[in-house]
Structure formats: structure tokens, C-alpha cells
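Assemble the whole structure, with the sequences as input and the hints as a guide.
Residue numbers (the working numbering), protein chains in the order written: chain A, 208 to 723; chain B, 151 to 382.
Read the hints as simulated data drawn from the structure, not as lab findings.
A couple of the hints might just be wrong.
Label pairs and their in silico Cβ distance ranges [claimed, not checked]:
id	chain 1	residue 1	chain 2	residue 2	range
1	A	V698	B	G284	47 to 53 Å
2	A	I209	B	E357	42 to 48 Å
3	A	L214	B	P250	20 to 26 Å
4	A	R222	B	V173	44 to 50 Å
5	A	L598	B	G284	38 to 44 Å
6	B	D273	A	A666	55 to 61 Å
7	B	P225	A	I209	24 to 30 Å
Covered by chain A, according to a simulated footprint, are these stretches of chain B (three or more residues, beta-carbon under 8 Å) [stated by the list, open to error]:
id	stretch
8	162-172
9	202-209
10	222-232
Built from N, CA and C at the ideal position, the CB exists for glycine as well.
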Amino acid sequence: MIFFDILKLALRNLREAKLRVALTTIGVVVGVTVIVTMVSFGLGLQRNAVQRFKDLDLFNEITVTGQDVSELVAQVFNRGGQGGGGEGDRRAGVRRTRPQQPEQAPKRALDDAALAEIARIPGVEAVEPTVEFTAYVRANGRTQPQSIGGALVPNPASRFKSYAAGHMISDPTADEVVVDSRFISDFGFAKAADAVGQTVELLAPLGAERNPKQPAAAPQDEQAKQGSKQQRKANEDELSFFGLPLGDDAETNAQDARLTVRTFRIAGVLKDEVESGGVGRQARFRGLMPAARLYIPLATARELSHQYRDPLNEVALQLARESGALSAQQAEGYPSVIVRVNDPDVLTDVRKQLTALGFSSFSIVDELEEIRTFFLIVNSALGLLGGISLLVASFGIANTMIMAILERTREIGIMKAVGAEDREIKLIFFVEAGLIGLAGGIIGSLAAWGIDVVANRLAYRFFLQPRNVSFINFFALPPYLWLGAIAFAIVISIIAALYPAARAARIDPVKALRHD
Amino acid sequence: MSEALLETRAVSKHYQMGATTVVALDGVSVEVREGEFVALQGTSGSGKSTLLNLIGGLDQPTSGEVVFDGRSLAPFSKREMARYRRHAVGMIFQNFNLIPTMTAAENVSLALAFGGVRGRARDERTRALLERVGLAERTAHRPAELSGGEQQRVAIARALANRPRVLLADEPTGNLDSTRAHELLSLLRTMVERDRLTVLMVTHDRELAARFADRTIQMKDGKIEQRMRDEG
Ligand SMILES: Nc1ncnc2c1ncn2[C@@H]1O[C@H](COP(=O)(O)OP(=O)(O)O)[C@@H](O)[C@H]1O
Ligand SMILES: [Mg+2]
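As C-alpha cells, then:
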């Protein structure tokens, strides 16, 4: 008997018991719906996470760290001591907490020569040093200490691509600034567009600009935020020593003649979505770059960061120069730079070269394998839930098939009498079960797709839209998922039919055909 | 001996019923030649159906062997047995054993499907078979819409679907009135004469046996009692 005839027979048998078959199929539908919905949610999470990584350039950027001045000092003055500089030195350094500490301590400072060398590594598209400092910022009639970062202009990274209003700083020497959305709210602008074109002033003590090599105190260093109260107190003492009018009434004294003011024009307001690395407004990183409220052209930022250097750091620099570890002509290195490669595939090679040059590096790709494993576990757990419901459905299939045997005993006897082989009897049952699995799989996948669509709509309507977030698809429904689910449903159904089919094939035709 | 199309050699069939053994057949040897119409008679429980099922390949004997066309069925695998049932013999029963949810044509077509006949050839052969048993007009009827005589004709058409040489009939007229019974046996007789079909038929009815069969085999308590040779 050809398969087509078996198929016709199976379809006919299913039609004969419509209600029972429908109920059995519903069991499969539920199982498949649960599997596909769950796993599509897990895959959606994964896709969104990976997409976010891509958006943040995390697949083609590397953070490179070099020796900073405090490490240089530690090396010189603690030579022969036990194990170099203590943790205290490290804390005093300008380095900020990174997502991950590099495995290897850097052996070289990231000075301009080093940057040029890095730029020559094949595959490197851009080298963007990390420059950041904190300064009192005045805008829209308010004055607040804010973190300020340097940005390469023009900038190839996606962190400077999307703007709520305005655009990127127009050229490397422009007195322009881009700000983030938190800046907008902190400085009381109603909306992003209102800020574009407005003036931002960075305040510095009068002496600072005239003599950049002299210790210049930042009004409030970021270290103070992390540090103990004592340190903050110390800072404030120093500040009052330098005669800076600081404190609660800072805004009222904004026009004080002892302050120098550097003026910038707001070119653009960055979109929030590019931030990461923290919860909500506490974002600490923009891609691999430490997050700042304002970004100004790199060279300007570099220059200003020296003015805002904290005293501890200034001491470290002087010590380094006195010891000869850093010559008078030699500029101190950047704490870190972000290296952008033109292709994620060359990232590993570039990192090897960076290590060879004596730098430490970090890239999110290191974590990628763990992220994959994490999602594999999540998706398996979600799939398992669905698998269990499908398992329950398989008992329904087995039950339906056994009922069918009882009803069709005579029919099976007749088929055997006219020459059906055991194999063919079994096949009819397998095809019937397979059809139930197929129907359940298709309907279940469609139902899961429907749930995905509805859940996305609801999430958008009641969760995202009120928060002014654009539509996000929380689910991923790749063909392999629903095709796999359908195949799985068919396989489970056929397995459920193994016993009933074997029992049907064993039917004794003599008994089946006996008429009383 | 060698001309026999169908032969049983000392066939016995025992059924184990708990502690007791029921001897349904006890060393039965019969021969049927090609083109013969043989009646099998005996009281109820004498083992007629059991013998027919063994010859039809639906069951295996406890001892002895069934030989068809010079070949013993004893060494046949299950699969070969299915082929044998499909192509060598056709069976009909007292209660017709048609599939109630299928039309006359579908019942016949099913047997052809198992015989590997497909497509138009199958449709054509189905029609020809139903025409041959006088049911050309009834092909689309389900068993419940047909009389007993008509149902048995459908059963005959189905039994002969894959051109077997032997038709095994277990009390085919048991559920028919005498007029329908006569009609049905005339049909079988015609097939024996015209197509050299071989018929082995179980019947209670001495009169019918005497009238349509070439000879009658008498059974009692699982054994052959006597051989009767009617005209020839
Ligand atoms: N499956 C079976 N199990 C036990 N005994 C059976 C079975 N089939 C038939 N028999 C017994 O074998 C004997 C012969 O039965 P059967 O061939 O049906 O007789 P007949 O068809 O001549 O009326 C009877 O006594 C019957 O009870
Ligand atoms: Mg009987």
C-alpha cells in the first residue's frame, strides 16, 4: 500500500472521531503554544541583549588601559618593597571602576606615541582616549557639578549617532558640547530641543588657566563621591583654602570675579537609549566609554582635565617627574583609550597585538560565551516547561489511540484478512498520531505567534508608551523555532502512538472477525 | 495428489483454555482441486471455521500443515502470510465484515489498495468487480443502505479484488433468506464455472450444499467424518 493511501485512511479515521481528535489536538496545541511562546520570549531577550551590545559597539570596541601616573610612582618609590604599591595608590588614581578588571596589569603608559602605535595596528579604525573630569557647569540659570567627557570629532561610534535634538559637535576645535537627557532634566529644560543652541559655561578657579601646571582643585572631584566622608571633608577644606565660594549658595555667587568661565554652545542632545551599564538614570557607561553628562571635543577636554586635576593626582604627577620616571617633556598617559576595529572578526587579533605592545585590554566579547551559555540555560528552562505540557498531551494521544483500537478492532481484522501487513496497520496509527501532532504544532505555533503579537501590543500600550519608549519586540520567532516545535510535536505524538500501534498490529484477526 | 490446489495435512488446532485444552481440529487432511466448489458441513463447534481460518492464513495450526499450490505455509513469515492472504485467497463471512463507514466501492478499493493497485486502474477495477457481482448501481452506498444479499456481494467483490484463485466462504448465506441464498450461490457457481474459481464453503444447509457444491466434506468434533461425492 502506498503512503498516500495510508494518509487517506488515517485522515478518514480522524474524521470518524472528530470530537475526540479535536480534544486530543487541543492538548498538543497547548503544549506547543507554551513551548513556542516561552522560547520565543527567551530568544527575544537574547536578541535584544545582543542587539543592544551591537548598538553600543560592544562587538567592535576594546577598552585599552595603560599605566597611569600613580602606578608609575608606585613602581619607582616602592621598588624592592613587598609587591609594589598598595591598594591605596590604586584608589588614589584617576581610574574609575570598569565593567571588568583586565587580567593583566599594563606595562606601558598610554601616551600620544602609544596611541599612534595603536592606530597603526591593522584593523584599527579609530582610537579614542577616555578623558573625563568633573566641573561646575552653568546653564539655563542653574549651576551644578557635572561629569564631562571628551569625544573624538567626528566620531565613528554609535554612542554619538542618535540625538533627541540637534547633532554632533561640528568640528574638533569648536566650542560646542553635546549633552545627555539627564542634563536636560537636571538643568530644567522642558524638552531636548529647547537646549540646542543654548550656552553652557564651565567654571574654573581664576588661577587655573593662567598656570595649568600648578595644582588646581576641582570644586568637587568624582573621587569625593566614591570616597569616604572624611575625604570629602578634606576636599572642602582645600577648596576653602583656595578661596573658592563653594557650598549651598554656589549658584548665587555664580558671577564671582575670581572664577574663569569657558563657554560652549549645546550642539545636540543625545538619546537615552545608547546608555548602559547601570540601572535607570544611574548609567555609568556609554558603550565602553564611561558615561558623562556633557561631551566636548577631545583636545579641549584633555586641556581642561589638567586644570581640574585633583591635588592627589597632581602630587603623583610631580613625584613621577621628580623621580625621572616621567620626563618634563613627556605628557602623562591617558588612563584608557577605546579602540574601534573595523570588523568584529579582527578584534581578537588586535587585542593580541595590544597585549604584545604592553597594554591591558578588555572587550565584551570575552563575556559573550558566558552570555550565550546563560541564554541557553534560560531558553532550555523555558522550553522544558513547554516540553512538560507537551508530555502531558502525549498521554492524551496515547489514550485516544488506544480507544481507537478498541473501536476499530473489527476493522483492523478485516484489513488483515484482505492482506494488510502489520507494518501497514502500525503506519496508519503513526500517521494518525503524526497528523494530530502536525495540526497541534501548526495551531500551537500560530497561537504562540498571536500571543507574541498581543503581548507586544499590550506591553507597548500599557508599559512602553506611557514611558515614552518606542516599540520593542520582546519576542523572537525564528522559523527554526516553530518548525522545530512542530517537528517536536509530531515526534512526541508518534512516540505516544508506539504502544497503541504495536497493540493494533498484534490484533488476532480470527478473534476480531468472530461474529458473536 | 499433486493436482490439488489446496491441501491440509493432518492439521490440528488446540486452544488452551486455562487448565483445559480445547481440540478444535484433530488431524484434518483435505484436498481441494482447482475449479472445485466444495462444501464443508458439520454441526456447530465441529471446527469448520477453524479449518477455514487456517487455510485462509489467518491462523497457524498447532500441528500439521496447510499447502497451497504445492507450497507449505508453515515456514511463511508474517509478511509472507499477509501476501498470501492478499493474493492467494479471498474470504467472506456470515456477517459480511464490511467496513460500515465506507461505501461499497471504498470497501472494494481498500482491498485493492493493500494489493498495491493505484489510481485509475483501481477505480476501474473496483467498478468492474462490483459490476461482476451485479452491484454496478450501488457503488456509492454504505453497507447499512444495502440488503444482506447485496452486502455479501460487495464482500465477494472485495474478496476477489486481488484475483485470488480460492474463495473461502464461512456460512455466506447464514444471514440470508433462501431466495437471496440461492441467488448468491448461483453467482459463486457461475464464477467457478466461468473463471475456474475454487470455492471452499462452510454451510449448514444440506440442500444448498447438494445443489451448488461439487462435493461435501462432513466434519464432526474436529475430524473429517465422511467424504461425499456428488455428481462427479
Ligand atoms: N479462540 C478460541 N478459543 C477457544 N476455543 C475456541 C476458539 N475458537 C474456536 N474454539 C473452539 O473450537 C471449536 C471449533 O470452533 P469453530 O471452528 O468455530 O466451529 P464451527 O465453525 O464449526 O462452529 C469450538 O468448540 C470452539 O468453542
Ligand atoms: Mg463457524
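Right, here's what the structure says about each hint:
| no. | hint | verdict |
| --- | --- | --- |
| 1 | A:V698 / B:G284: 47 to 53 Å | 49 Å, holds |
| 2 | A:I209 / B:E357: 42 to 48 Å | 46 Å, holds |
| 3 | A:L214 / B:P250: 20 to 26 Å | 22 Å, holds |
| 4 | A:R222 / B:V173: 44 to 50 Å | 45 Å, holds |
| 5 | A:L598 / B:G284: 38 to 44 Å | 55 Å, violated |
| 6 | B:D273 / A:A666: 55 to 61 Å | 57 Å, holds |
| 7 | B:P225 / A:I209: 24 to 30 Å | 28 Å, holds |
| 8 | 162-172 | violated (count 0) |
| 9 | 202-209 | holds (count 4) |
| 10 | 222-232 | holds (count 3) |
Checked against the numbered hints above, the structure violates hints 5 and 8; every other hint is satisfied.
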